[in-house]
Amino acid sequence: MTTVNWWKTLRAVPSWVYPATLGVFLLVLPALQPGYSVTRQVELTLILALIVSGLNLSLGYAGQLAIGQVAMYAAGAYTAGIIAVAGVTDILVQLLAAGLAALVVGIVTGIPGLRLGSWSLAMTSFFLVLLVPDIVSIFEEHTGGQLGLSGIPGATLLGFELTPTHFYLTVVTVTILWFAAFRNIIASRHGIAFQVLKQSPVLASSVGMSVFRVKLSGYATGAIPAGLAGALFANLDLFVSLEAFGFHVATGALAASILGGSVSVYGAVLGAAVVEYASSQSDSFQEYSLVFFGLFLLIGGVLMSGGVAGVARTFVARLDRAAGLAGRGPSKAGDGEAIHRIEGGLLDATGVSKAFGGNQVLTDVSLRAEPGRVTALIGPNGSGKTTLLNLVCGYYRRDAGEITLDGTPIRTAATHRIARLGVARTFQTPLIPPGITVRDVVASGRYTVEGTSFAGAILRTPRFRAIQRRDRQRADEMLRLVGLEDVADTEAATLPLGMRRMLEVARALVAEPKVLLLDEAASGLDEGEVETLAGVIRRIRDAGCTIILVEHNFGLVLSLADEIVVLARGSVLASGTPSDIANDPRVRDEYLGASDADVRPDDSVTEPAARQETP
Amino acid sequence: MTLIYAGLSLGAVYALVAIGYNIVFVASRSFNFAQAQLMMIGAFVAYTGHVTLGLPAIVVVALAMVVVMLVAAILERVAVRPVADHQTQLITTLGFGTVLTGLAQLIWGSQPLDVPFFGAKEAMTLFGGRLYSFELGLIVLSVVLVAVIHLYNRRMMSGLAIVAMSQDDEAAVLRGINVRKLAFAAFAITGLLAGLMGFFIGPKTFAVATLGSALALKGFVALAIGGFGSFYGGLVGGFVVGLVEEHAARYLGSEFSNLSVFLILILVLMLRPTGLFGQTQERTV
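Here the protein sequences line up with chains A and B, keeping their order.
Residues in the first sequence are numbered consecutively from 1, following full-length UniProt numbering.
Residues in the second sequence are numbered consecutively from 1, following full-length UniProt numbering.
The set of hints was computed from the structure by calculation and includes no laboratory data.
Watch out, some of these pointers could steer you wrong.
Derived contacts from chain B toward chain A, CB cut-off under 7 Å, selection only [to be verified]:
id, residue
1, P82
2, T101
3, L217
4, F220
5, I266
6, M270
Positions of the beta carbon are idealized from the N, C-alpha and C atoms, including for glycine.
Work out the full structure, taking the sequences as your base and the hints as a guide.
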């Protein structure tokens, strides 16, 4: 009981207090007279931690294996060193220049590298490390080539020369500021966007994120701390040589990232501390270091996908549960929550055709979905329902036909652009990113509503705070609507299927789309859940939204839909009101799997009532 | 002409790396970051067999092939099979490759070792250019390997099975293809070939522990130029990289050779991200 209370007290403290305490401790460390070797060790660790945090941002959050952080580190170090030799000794100017140089390297190499999946970025960035010595020797007169860049004057700050202690404080301060900025990025919708993207680019683009831009922003931003680290490194020994930027260092940084936990902010400090401490211990470690770094990567990749930070998180969650801090089970779907009026859009698809290779999936399909109405799309498996949705969303290019939203043609544009026009969807298999809460999943649907910049997130501007508040507010409203408000703080991926489907509906709805596409939203749900879902769909319709429902549950479709389109073998078999469709003999045949020849001709005449009940 | 021979034989080395990448890629859709390190181990084993133990060439080849095949089998078991997603496989195979580099440094030191080749020591003259027997051997080996693999994939049942697997492994399982066994076999075969390749590349590149990273990168550029999964593409890509590298080194200076290869990589990725012989695929939800 006492441990539980003790834990509760500990958890009542805001989580940023712990790293802040470490920061303050490092700042007052010189007063304790720890000696040269300790402060140097701390400086080297923090410089490595900066590099590793950049890796975490691109590898852990943006999901891109980029090994070129060391090249950006080199760019920062040489930039700072060269301008210092030229007479610019102010550390602030040097940091700025080094950060910019690294950012440029990041953007220039990120653009081509990100175009072709994960390996190309890994390779192009890895290639950068190979290029460092070549570029250094091409500009030998400035960089000192193989001999190294020497003669760097001591750093100054606003005209005052920095003593070693001052410089130590500079390193600590820069690191603290960067980590605060890093933490602010991660604890914003940009951080959530990274997690969404990592889980599924398909999902990310369906909520309007440009996959390429989000990846590039993560990778390029990750270059900045490496540049800062370079500037600090150049001023540490006032000497820059090629040895500091080899593959050895690159692998060490990657090992530190994996070890500390790539998907974490402060894991970088921990991983860097371990790697730096081990490297400094003895010369014999140097000899074995590659083997150890390799083993770190191997074991880290296989066993602990979250690194030390991941293990710590699991532990915290377990203690939270023991102490009763975690949320409780779900409640019934909220009936009280009123939905804002939604301006639905008229979605009109005419003559749409699509073939995969020689397989004609859709032939001349037309569909018209009006605001404030549920248009159901039904048909046997393989009749092209999901393909049609994917064509609307832009996942596939259509071969022929026209799709318009409120009269504006939706070209075969990028998916995220179509999403931004106001087309939201759910998926047959719910796509819920791991590691984020139910509320954040819903909030991620608002990524394109009211844009915020990285700078806004870092500085926590009033505008950013207001948007963040609205994100939260709107997410909570949606959760009340679908009856998930009691699990808002639970990790979303742990929810059972029925709740994950509801969560997807909430996420699709939070941006107030003109058109909502529900892909088999009721499959796998029990009767009570189907009932709840039907209620929610009716209320969304009544709020004015255009709904397209792909569904196999014929009973549900008949009770919900205002208009039904039946697809069979890629063409429209019939369309009309539920009663039209329920009485259409061809639809019944298609659903019974019986062809006209199998059915006795008098069947439909003599036993219409019996056939009514077959679904 | 001599310059072209040098470029082609260097390119053959990269083409061989690309072949290794492609076999694994076609069989399991994953990328084996440790491929070049396997070849490096092959070159070191060839050195040990030839120089230290004084074995005849044919025994050295067999020894290199068997040793590297075992290493590749361990790689599959340790770094590939336990890891589900391809992104993490990049990290684990990179880790395995790093371990191999570290071990090679510990066992054979960090000085480059000269691996002998059978045949004449002197360069021969052919069409007005000079080339060594091992350079000719490299070019022939890469062309023959690509042709054989291509025929194998088209004609043999297991080759077709591998191609089927690369298209859709779930469907392949339903057709009664043992996907895991074939993926394992693909790794073992790449190991076997990497041992053979190591024997051939050793005389050209020397056996040195840092060989891995440079080969891995240039091999990747060859792959990117040719297109993922295309064996002929990898061969052409390899030759392009080798020729560009040699010409840049000759006319611009050695510090420009890597840079020009990098520029080609960037150009290919920007202009034709699927490579010259690659296919585009539509995304699925």
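Tell me the hint numbers this structure goes against, listed in increasing order. none
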